[in-house]
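S.K.: Going line by line, the protein sequences match chains X and H.
Note that the working numbering gives residue 359 to position 359 of the first sequence, counting from 1, and the numbers run on in steps of one.
Note that the working numbering gives residue 213 to position 213 of the second sequence, counting from 1, and the numbers run on in steps of one.
Honestly, I wouldn't trust all of these hints.
Claimed, not checked - If the Cβ cut is set under 10 Å, some of the chain X residues that face chain H in the computed set are:
hint, residue
1, 46
2, 122
3, 351
4, 414
Said to hold, decoys possible - Covered stretches of chain X, as calculated for chain H (at least 3 residues, CB under 8 Å):
hint, segment
5, 28-39
6, 114-121
7, 190-199
8, 211-225
9, 382-389
By construction, these hints were calculated from the structure, which means they are not laboratory data.
Here the structure is a predicted model, which means the values were calculated and not measured.
Beta carbons: idealized from backbone N, C-alpha and C, even for Gly.
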Amino acid sequence: MKHFVSQLALASALSVAGFAAHAANTDITVAMQLEPPHLDPTSAAAGAIDSVLYSNVFEGLTRFMGDGSVVAGLAKSWDISNDGLVYTFILHDNVLFHDGSTMDAEDVQFSLNRARADDSTNAQKALFAGITNISVLDTATVVVTLDAPNGNFLFNLAWGDAIIVAPESIDGIKQAPIGTGAFKFANWVQGDKIELIRNDAYWGTPAVLENVTFKFISDPTAAFASVMAEDVDAFVGFPAPENLPQFEADPRFQVLVGSTEGETILSTNNKMPPFDNVKVREALAHAIDRRAIVDGAMFGYGTPIGTHFAPHNPAYVDLTGTSAYDPELAKKLLAEAGFADGFETTLHLPPPSYARRGGEIIAAQLAQVGIKAQITNVEWAQWLETVFRGKDFGLTIVSHTEPMDISIYANPEYYFQYENPAFQELITNLNATTDPEARTALMGDAQRMISGDYVNGYLFQLAQLSVAKAGVQGLWANAPTQATDLTAVSWAD
Amino acid sequence: MIRYTLKRFLSLCISLAVASLLIFFVIEIAPGDPASFMLGINAQPDTVAALRAELGLDVPKFERYLAWTQGMLTGDFGMSYTYRTPISQMVADRLWVSLPLALFALALSTIIALPAGIYAAARRGKTGDVAVMSATQLGVAIPNFWFAMMLVLIFAIKLRWFAGGGFAGWDKGLGAVMWSLTLPAISLALPQAAILARVMRSALLDVMNEDFMRTARAKGLTTTQTLWKHGLRNALIPVLTIIGLQFSFLLAGGIIIEQVFYLPGLGRLVFQAISARDLIVVESVVMLLVFAVIVVNFAVDLAYATVDPRLRART
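Only chain H is shown next, with the shape it has when bound in the complex (with noise of 0.2 Å):
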């Protein structure tokens, strides 16, 4: 096991080192300069010069590169061009909404697709299944930015049980918080749920037809015992590798849910970036997503060890 964990270990380093070069060298190449974008178009060629020399940007690329990856190791992203504060601030800040607000999601999608795909699995081809299949379809059909403004219709300017949109903020409270990303975290979490109940009831099917299902039943265990003894921990391998695509998805999938909702999160801060040609922000940030990713990737790696110890005798 520690063998295996040291592995993965090495290959989530190299893939964040060679991400941070490519993430932003690839930026960089983006036409547009900050300091020009601040100024606007009267501004004199002195002044937009005196702004690079002040943000920095006098400096060559590779230095720049190199300063920031030094930076980013003691967790300083170095300051933003346009709203000139600490990176790391900034995106702290965010996360306190896009953090919870993807868990929320998840917790959502989770609870709603498990039960539905083992329902369904163990329904196979009667009316609960059909219904559950259809259902999905559905949900994996709708767009999430569409369902959003429906539900905004319906329960914000309608029943006016929600506001349309925006964060309530911490100091309101744990509630005021859930109340409002509600909204959010249901139309980011039901099409997500969708994919994972099909995957659910797939991985089930699949592991109903294997050998030692059978073996199970013929020594004595009821259909539910197997299911739940065998079949489900061997379904899970599927489910949690997308549970956990699902979350870095959703951590930078929010962009569009986030522009919907008005919500202060780190989708709407890159938004907000890239128009401004901010590049060191969006590097920060997407370097960020990507180191969440593989971290969340190395966790699932140990996840499935957990699971199937026949992956640390293989590797």
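With the rest of the complex left out, here is chain X (with noise of 0.2 Å):
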């Protein structure tokens, strides 16, 4: 209410715009919600972290680009065996670290052994898992083998958590990242803002611009504010969505909407009884009106989907019919459940507007159908605790934003405990499969398998908001990973 207040208020009195003096043009200060804690993107899950150091400081062997797809990052080239196991990188010459030593055959080792290393504090711990070893042939070539082939080994590789760091900076990497990328990390006021430089001495194609400032703006009100008085250039995952149709009415700025890889889900315990009954799942799958969700959570923004998989991947089945809004059907599965006259249970909201304002009118809309959900809003490290290892809950709304997430369902002990083992033997083919249409076939199984089995309630697919200034030109709509990529962006003349 605070909020809403509040905007409507400043919304009400922004008729007059003023001209600032434009900022040198080849400078940018972008905002964004959250600061990083540290600076090592391979010891947290912090999505911060990456949102100011991926493919500006850090590189990995591979790497994301803004639409999604995986190219060629520090590695030029590579050859893959045929059985699958044996992965041979040529990195590119000439690539030096900012503190000006040679990134070699050599880091590559010592990056990804630290990464799965028994003591390592990697949060994606896992995508090394398959790796039995890494040799080094000479300082270009590295040989990684792996135990069972992997299809989305180059994909793992480009994740931010994958990046190559140097045994000789690794010390300092929390407070002063020395990476390889176009942009050198110069200065951070914590709580305030990080400054990065252009490195000239960088191995590919030179950053246009010279001096980046990320600043760091939570609350929602103040992120309007900063925009408006154009204290910032741009503002990257923009947390006020109601304040959208104004920046676009306003020739002073662009409004950039992309897809993320976040799947906003109902998640449901299914080993809690009554949702450990499919008729239950598929119940609640019916009672939910995605589109009202979208329009009332999001202000529209969002894509609805019916499965565990992100609408712009090529792989993706739109599945949305499976689960059509229809709260008759719901009653009467209910009722064939033996829950004639509905029942109670608890659903737990972490902080993100889309869980928050989202869990209250899905709670509106469980009721319609004699489903009484019992509201907490918990903080994230509460989340973590009781829903997410405690198991304790019924329901909770989360935007699963890891990229091509669809193999947690293989996994019994994840927190929504589905238990499927046709699930978990498609996932194994599917791991081992390296042909790209019969992974697509997999891909599709999957979708089907688990949205017929209506293991959580499929939401919408989470959008990416981003305001900039009318001028600045190549930054990314999309957030294919938590990225601010600013090596391509630059200032319109």
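Dock chain one against chain two, each of which comes alone in its own frame, and use the hints as you go.
M.R.: Here is the structure:
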């Protein structure tokens, strides 16, 4: 309510637009909501770290592009053995770290071994689990051996958690990161900003921008004010979707609406009665009006989904029909399952607005079919402890932002506790398959299986919302990974 | 006076010891683990355990408490779990924002409130008094975050005199710093000024009814002379109390204002640390604020004794 009132008040007085002095056209100030806790992408899950450093400061053997594709990074090319077990990477030569030292095969070996070590604190250690050996052939050639074929391996290496670091600079990485990217880390005023400068010794296409400042503004009202007052040149991941129409109508600004890898789902505890009954879960799916949730909670930004897969992915299957909104059918299914009078359950809501706002709407929709969901608002730390690790919940809303993460359904220990041997076998097959067409077919089967089992309530794909000054060009609209790649950003003349 | 000071000092030390115990153990009860929070939902249990060991979280609570309090005696608060930098350094950096902001706001509030309160008391029941009192009523009623947003709307977005938020940085000079703290200081100061003005007025009115005031008038002083020479000094005690309380409030209470103006101050540090379960930072900052409050109260107690010699005799 506080926000609503304040934004109304702000909105009403924005008819007068002024003009600020234009910053030098090689400088940019980019705002985002969350500040990184430290600057090591390889030892924390915080997306904010990658949002600042991915591709700008740090690079991996492969990398994501703005459209989600995976292309060569520090590796110039690679060769995969016929059995799919041995990857030979040829590195770009004359790549220098920001401290002037050379990036070579030994740094790659060090980085990957560090990520998979016993005492590793890599948040995505599982990405490296299949590696059995990493050997250095010469300064520019690395051979990675896997224990089983892995069709995702090159994709996995593109993650921010797989970036290449040097043993010499690893001790200071959390405060003063040394990478190989087109920008060098310059300064961090904690709580306020991080500054990068252009790396003139960059091995690839140099960046156009010279000075980059990342500002951290968490409050949605402050975010709005910072863009309106032109204190920042762009706001990536803009937290107040209700204000976007106003920016769209203002010629000073451009609004970028893109896709993310965030499947937002009504996670359901599959082992907790009555959700262990598939009829109940099916009823749940038909009780939810996705369009109303997207319109009400996200002001229309977001794509309804019917399974756990990103709609922009070529292998996506539209299964929204499987769980079409039909409250009468939901009531009928509940009656068949023995809950003609409905039942009570819990709904845990973490802080993001998709959950808090969406949760209110979902609770109201569930009430229509007789399910009383008791809402509990939780912080992330509490959510991780009680819901994710403790599995002490009935329903919760969360956006799974990791790319291509349908394989989480093959883990029966995962917090929503879906146990289906057929699905586990399907994922094992998928991992072992490298042929693109066969993979697409298997991914389609996987999507249909979890959709047909109504494992979770599939809500919508989270949209990536950004606002920038009209002259900024080359910003990513999409978020295939958490990144604010500024290497190709420039100002229009 | 020495006995009085010693007694106050002893009570200061006891308060600090009790506070440290309470703060540490109450905050540690909060559910959520910093290592799990850092590593997110895909982390394997062995990774979380490795990070817990790295952060020293596998040590029993009481040992951590002892290490923490011992460190504090030498000014060492330990390392932040998430930022991995020494907390004393982080707090010092943030104080360079929060302290000037609090002092700026306190100065503004005092400069506005005292003359307004004195004026209202002197013009008791007349139009001037009614006008000041209505204004303060409004000042007390308006929440400072709303007032802050109105200031941003008018002076940053519409008139473009100020930035919508952010801190200039000391490398830009004192002028730039003060400029960037002006809107936050005003939004913090005005509600405080309203309260202070009301206290000033009522304290002065109470004193004016005292016998010694009549005596002063009887020996031939004018109303104004009585007010300045005898009234004000005696009315200052409640005002000092409020100013002391307000300083602590301004230092700690900047949390919301620091969010609205995205200032890298102490409030913002606590806000971020709480959500990341960086409990050692929360405990240290809260402890520091308690320390500040207790020390300010100690100073106020001493100031009382200076203003009112009777207090020295009594204790």
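S.K.: Give a verdict on every hint.
M.R.: Okay, the hints, checked on the actual structure:
1. Residue-level restraint check for residue 46 (chain X) holds (minimum Cβ-Cβ distance to chain H is 7 Å; threshold 10 Å).
2. For residue 122 (chain X), the interface hint holds, the least distance from its beta-carbon to any beta-carbon of chain H being 7 Å, beneath 10 Å.
3. Checking residue 351 (chain X) against chain H by beta carbon gives a least distance of about 8 Å; that is within 10 Å, so the hint holds.
4. For residue 414 (chain X), the interface hint holds, the least distance from its beta-carbon to any beta-carbon of chain H being 9 Å, beneath 10 Å.
5. Check result for the segment 28-39 of chain X against chain H: holds, 3 residues qualifying (beta carbon to beta carbon below 8 Å, three or more required).
6. With 4 residues having a Cβ less than 8 Å from any Cβ of chain H, the segment 114-121 of chain X passes the three-residue criterion, so the hint holds.
7. Evaluation of the coverage hint for the segment 190-199 of chain X: fulfilled, as 3 residues show C-beta separations to chain H shorter than 8 Å, against a requirement of three.
8. For the segment 211-225 of chain X, the stated coverage by chain H is satisfied: 8 residues place a CB nearer than 8 Å to a CB of that chain, which reaches the threshold of 3.
9. Judged by the Cβ-Cβ criterion of 8 Å, the segment 382-389 of chain X is covered by chain H as claimed, because 6 of its residues qualify and three suffice.
Violated hints for the displayed structure: none, as all numbered hints are satisfied.
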